[in-house]
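**Q** This is what each chain is made of:
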Amino acid sequence: MFLLKQKTTLPGFHLALGYTVFYVSLIVLIPLSMLFIKTSTISFADFWSIVTAPRTLAAYRLSFGAAFIASFINIFFGVIIAWVLARYSFPGKKIVDALIDFPFALPTAVAGIALTTLYSSNGLLGQFLYKIGIQSAYSWTGVVLALIFIGLPFIVRTIEPVLQEIDPEIEDAASSLGAGRLQIFFRIIFPAVLPSLVTGFSLAFARTIGEYGSVVFIAGNMPGKTEIAPLLIITKLEQYDYSGATAIALVMLIVSFILLALTNLAQWWASKRIGMS
Amino acid sequence: MSLARTESPLIRRILIGIALFYLILFIFMPLFIVFSTALEKGVSYYFNSLKDPDTIASIQLTLITALIAVPLNLVFGVAASWAIAKFDFRGKNILLTLIDVPLSVSPVISGLIFVLLFGLQGIFGPWLRDHGWRIIFTPSAIILATIFVTFPMVARELIPVMKAQGNDEEEAAITLGANGWKTFWYITLPNIKWGLLYGVILCNARAMGEFGAVSVVSGHIQGFTNTLPLQIEMLYNDYSFTAAFAAASLLAFLALFTLVIKSLVEYRFRAELKAVRKGAH
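Here the protein sequences come in this chain order: G and L. First residue of the first sequence? That's 1 in my numbering, and the numbers climb one at a time after it. First residue of the second sequence? That's 1001 in my numbering, and the numbers climb one at a time after it.
Keep in mind that the hints were calculated from the coordinates and are not lab data. Treat the hints with care, as some may be off.
Heads up, simulated DSSO-like pairs for lysine-lysine below, C-alpha to C-alpha not over 27 angstroms straight-line [said to hold, decoys possible]:
#1 G/Lys272 x L/Lys1163
#2 G/Lys272 x L/Lys1193
#3 L/Lys1193 x L/Lys1262
Label-pair restraints from in silico Cβ distances [as the list claims (entries may be wrong)]:
#4 G/Lys7 x L/Thr1097: 51 to 61 angstroms
#5 G/Ser43 x L/Lys1182: 51 to 61 angstroms
#6 L/Gly1223 x G/Asn122: 28 to 38 angstroms
#7 L/Glu1040 x G/Phe90: 27 to 37 angstroms
#8 G/His14 x L/Asn1048: 17 to 27 angstroms
#9 L/Leu1120 x G/Phe90: 55 to 65 angstroms
#10 L/Arg1129 x G/Arg55: 30 to 40 angstroms
#11 L/Gly1042 x G/Ala53: 47 to 57 angstroms
#12 L/Ile1014 x G/Leu194: 21 to 31 angstroms
#13 G/Asp241 x L/Arg1129: 46 to 56 angstroms
#14 L/Arg1090 x G/Pro191: 29 to 39 angstroms
Cβ atoms here follow ideal geometry from the backbone N, Cα and C, with glycine treated the same way.
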């Protein structure tokens, strides 16, 4: 019983934990360890030349850069959407609220072909964007548009509950002491939602850097220009260059893990702040 | 009093307008495009394109894949949430992090690791070849990759729900002489059934819609290793846009159905879901 921290009367701990650990090892740990085992067979010089090749760097720049821009745009609009959903009532609000999770529920390939059809030069929205000089498909812009779609629910759903939980009495107190709405927003509400902004941003960013299905149709896939990192992995695999694919994947995986750790840190920081107030 | 707490009607309208404009651009329009393109050549064309033998084969493979992956991940999800929510043990955070891993890994990498395991240049590849077995580029690889990608879905929904429920009811049942299975069946399960339902539906939606991971291990053999999403890609790249969107509309329906179930669960069990949200998204 050395694993358990407390005595308990409930049964099934060893069975449940044993099965969980077995299944996690079989499905996640062993397959994922392949990435590290395979990398260990590549010399460091080879690894370095793969991940710093101009084509690889361009793919990283696109995947990370577009994910950053999309998450940044989503933070701004996500706050407005979460605010509207948490505070105001308007007709159709329930449907709007339910559809926020649509990008999360829609298979990425469907999102990919829908967004490409929408934003290509003769598409419903693309025709207007092309007219004002925005090439909204088969370009960097297209990748950002797809990643905005994918990341939006992560950001809205992280901020919304925090906005709902802010005690209205604090706002009343501030207002009765003479604070205006803008002052209340920047002095009270913004600091309260800041940790959730950080969490939402890193959740969306982590989800979007590795995104494939929704992006590959709209990206254009020109090597060195509009080729995302996951597509480069697939191209390497199709050329039976397993080492190249693995090296590129490992760098992406490490970035994801660092982000996951930062997210946990942000959540810990947030819970500590809430605990204090 | 209420004036002090909220913005002027003009500001309110502007904010609602901005929010709706953004959502129309990025959520309503893509949804609309799927159905309008699928039906642009009429209803009979729509149904005929779904009757294509390769499309039907891809639907079958998708259903079989979900039928295997979802129950396995359901059993795992229940076991994992029982261990994690009901007991306090060392190493819990490491286990929780490991369970989250498939969600933060690129789908392409999720496929790649199975190629590294079972592909011809992979660790078990030569051994499998010598015994006349193949996994990569067969439905088995698709099922394996799908299990990997969807494996946290049930556990993640259940853990916060079970945690919020606490241990008191179960402890009382055990003290009164019920055995473990009986306690689970009559006490725990009724308490978590809504969270469980949503977890299963979400897991199923993901299993049927997975694209990146299965794309890497599938080999895109029509009628054999093409799942529905892969068939959509193939139709689209062949410029059969209407047929591609007809097939896509099936998955869009599935996504809408998932959202309806989510709203129902939310309605039936608000408190439960609040705990879920705190833990999950």
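**Q** Does 46 to 56 angstroms hold as the CB distance between aspartate 241 of chain G and arginine 1129 of chain L, or does it fail?
**A** violated, 20 angstroms
**Q** Does the Cβ pair glycine 1223 of chain L, asparagine 122 of chain G satisfy 28 to 38 angstroms?
**A** holds, 32 angstroms
**Q** Regarding the pair lysine 272 of chain G and lysine 1193 of chain L, is the alpha-carbon distance no greater than 27 angstroms?
**A** violated, 32 angstroms
**Q** Is it true that the C-beta distance of glutamate 1040 of chain L to phenylalanine 90 of chain G lies inside 27 to 37 angstroms, as the hint says?
**A** Holds, since glutamate 1040 of chain L and phenylalanine 90 of chain G (Cβ atoms, about 32 angstroms apart) stay within the stated range.
**Q** May I ask you to test the hint 51 to 61 angstroms on the CB atoms belonging to serine 43 of chain G and lysine 1182 of chain L?
**A** This hint holds: roughly 59 angstroms between Cβ atoms.
**Q** Using the C-beta atoms of leucine 1120 of chain L and phenylalanine 90 of chain G, is the stated range 55 to 65 angstroms upheld?
**A** holds, 58 angstroms
**Q** Given the range 47 to 57 angstroms, decide if the beta-carbon distance of glycine 1042 of chain L to alanine 53 of chain G lies inside it.
**A** holds, 50 angstroms
**Q** Lysine 272 of chain G and lysine 1163 of chain L: Cα distance at most 27 angstroms?
**A** Holds. Lysine 272 of chain G to lysine 1163 of chain L sits at ~20 angstroms (cutoff 27 angstroms).
**Q** So the hint says 30 to 40 angstroms: do the beta-carbon atoms of arginine 1129 of chain L and arginine 55 of chain G match that?
**A** holds, 32 angstroms
**Q** Mind checking the alpha carbons of lysine 1193 of chain L and lysine 1262 of chain L for me, to see if they're no more than 27 angstroms apart?
**A** Distance ~13 angstroms between lysine 1193 of chain L and lysine 1262 of chain L Cα, so the pair holds.
**Q** Is 17 to 27 angstroms right for how far apart the beta carbons of histidine 14 of chain G and asparagine 1048 of chain L are?
**A** For asparagine 1048 of chain L against histidine 14 of chain G, whose Cβ atoms are near 56 angstroms apart, the range 17 to 27 angstroms is violated.
**Q** Looking only at beta-carbon atoms, does the pair isoleucine 1014 of chain L, leucine 194 of chain G fall within the given range of 21 to 31 angstroms?
**A** holds, 23 angstroms
Violation of the numbered hints given earlier is confined to hints 2, 4, 8 and 13; the remaining hints are satisfied by the structure.
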